[in-house]
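A.B. asks: Here's the letter readout for the chains.
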Amino acid sequence: MDTMLEATGIGKRYEDFTLRDVSLGVRRGAITGVFGPNGAGKSTLIKVLACQVPAGAGTVRVFGLPCAGRDAAIRNRIGYVPQEPVFYMDKTVQWNTRFAAAYFAEWDGGEFYRLLDRFKVNPLKAVKHLSGGQKKLLALAMALSHRPDLLILDEPAAGLDVLHRRALLDRLRAFVADGDRAVVVASHITDGLDEIAEDVSFLHEGRVILHDDRDDLLSRWKWILYAEGARDPTVEDGLTDVRRQPYGNRGLTADFPAIRESIAPALASGDVRVENASLEDILIALVKEA
Amino acid sequence: MDPILRRSSFYYMTTFVIFNGILGRFLGRDPWPAFEAIPLLMPVYLMSAVLFSEAGESYAFLRTLPVRDGRIVGTKFALIGLSTTLYWIGMMTIALGRMDEGVSSPSTLVYVTIVCAGGLLLASGLQLAIWSFGRAKVVGPAVVIGGLNLVLVIVHTASLRRTPDWPVFAHTWPIDWMGRMPWLSVPALTALAAIAAVWLMRVGVRVKEHSEAAL
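For the protein sequence lines, the chains are A and L, in the order given. Take the first sequence: its position 202, counted from the start at 1, is 202 in our numbering, and no numbers get skipped. Throughout, our numbering is defined as the position within the second sequence, counted from one, plus 1000.
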């Protein structure tokens, strides 16, 4: 596996929050999603991965280089969009752009202004007068315009309308399409970014509770639906997040291939049905278990 | 020109022009107490410049750019050092020019150098404190220090005129003693201040790299 970013045993302690022993790898050509509930530590982890703040423990290597001491060189190749975009707020978009462009080794001004045009961000406006979503889009345009090899985005879809959210997803897919670049994105699952993440990390209370390939994950986690009256008592074995409902029960299995044979007769008789689980379902089940 | 330097230098230059535009003429025109009082305002001037420059600073934005912390720290300290040097050169030039009138003396040169060195170190400390604790937490104490500095200037100036035997700082014994050899003491004091400022700058790089308070 060609790894662009490798975090090993990351720890970070704040007064009211601790990130513990987080390890994570980001493959070249892949979109890695870091998902979790509020306060799980996504933003802290993203800041550490983007060499924005030093890790309290463990190591982060980006492009094979350690963050410590090489952070400026690494940031030249990273496009980073923080949860709350930061600029010189009193200055115009154009002023901020010129300021930033002076420091990057490469800067594609044509691409930047095309993106601003597409995102409907006025370059002559003071940043403080942009909406939250526009600030996000401006940060994204800046992050893309210095031709980074790795995009690290924290809640990039927050505050975006559906059209811009769709444009963002398309843009991220296109970014990794040539297989040479990668994306790490932290998000609440509900914003559609789970659709495009190929590798998935679930974070809860400062720990990674699961890191896996998305397709493998979804092939293993399934909803098992069964009628109350015709229930085979063995069907419920190993199910989590069981929900008893008047029109039939459902439970989540974390290992569908393992139970496929045992429930085959019930499946054939129609007493049991199988439905795909979403990443949101899996995250909820894991958080409940944790 | 480096964008960080260009942006910050605007605030330093503005403060320099306003401050010296108002006060500089007193040095060139007024009798000797002006050389006692006006140099004492130097720490207030420099701390104002630091606070003014830091008010709109966006270190979190800079952190997203490929800029080393050492470069940021170096730029900020260079501005503090340059402002101090300009202020010091201005006062020294006027003091030298008015020596024939008896308004200033060799010990005035030492006094001006000591006050400028104090201002330099105070402003450097303020800059470090901003990186360590964040501007919001530092503004209050900095305003109090600046206020005390102003009170000192006012009380000192008023007492020089009204109270007999009130001590003249420029003629306290260590300054008078150093004033006997200004060609030695002024460069020595300047070198000591520069060494201390460079040491603070190095501390500043470590503080800036590890602190998240200003982000």
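Calculated directly from the structure, the hints in this document are not laboratory data. Virtual Cβ for every residue (Gly too), placed ideally from N, Cα, C. It is possible that some hints are incorrect.
Stated by the list, open to error - In silico contact screen, one side only, chain A against chain L (beta carbon under 8 Å); selected entries:
#: 1; residue: Phe-87
#: 2; residue: Tyr-103
#: 3; residue: Trp-107
#: 4; residue: Pro-265
#: 5; residue: Ala-268
A.B. asks: Interface hint check: Pro-265/A, Cβ to nearest Cβ on chain L, cutoff 8 Å. Holds or violated?
C.D. replies: At about 58 Å, which exceeds the 8 Å cut-off, the nearest Cβ of chain L leaves the hint on Pro-265/A violated.
A.B. asks: Under the criterion of a CB-CB separation shorter than 8 Å, is Ala-268/A in contact with chain L as hinted?
C.D. replies: Ala-268/A check fails; min Cβ-Cβ to chain L is 57 Å, beyond 8 Å.
A.B. asks: Checking hints one by one. Is Tyr-103/A an interface residue toward chain L, by the C-beta closer than 8 Å rule?
C.D. replies: Check passed: Cβ of Tyr-103/A comes within 5 Å of chain L, closer than 8 Å.
A.B. asks: Against chain L, is Phe-87/A within 8 Å by beta-carbon distance?
C.D. replies: holds, 5 Å
A.B. asks: Against chain L, run the beta carbon of Trp-107/A and see if the smallest gap drops under 8 Å.
C.D. replies: Given a least distance of 11 Å, the restraint on Trp-107/A is violated.
Going down the numbered hints, you'll see the structure goes against 3, 4 and 5, while the others check out.
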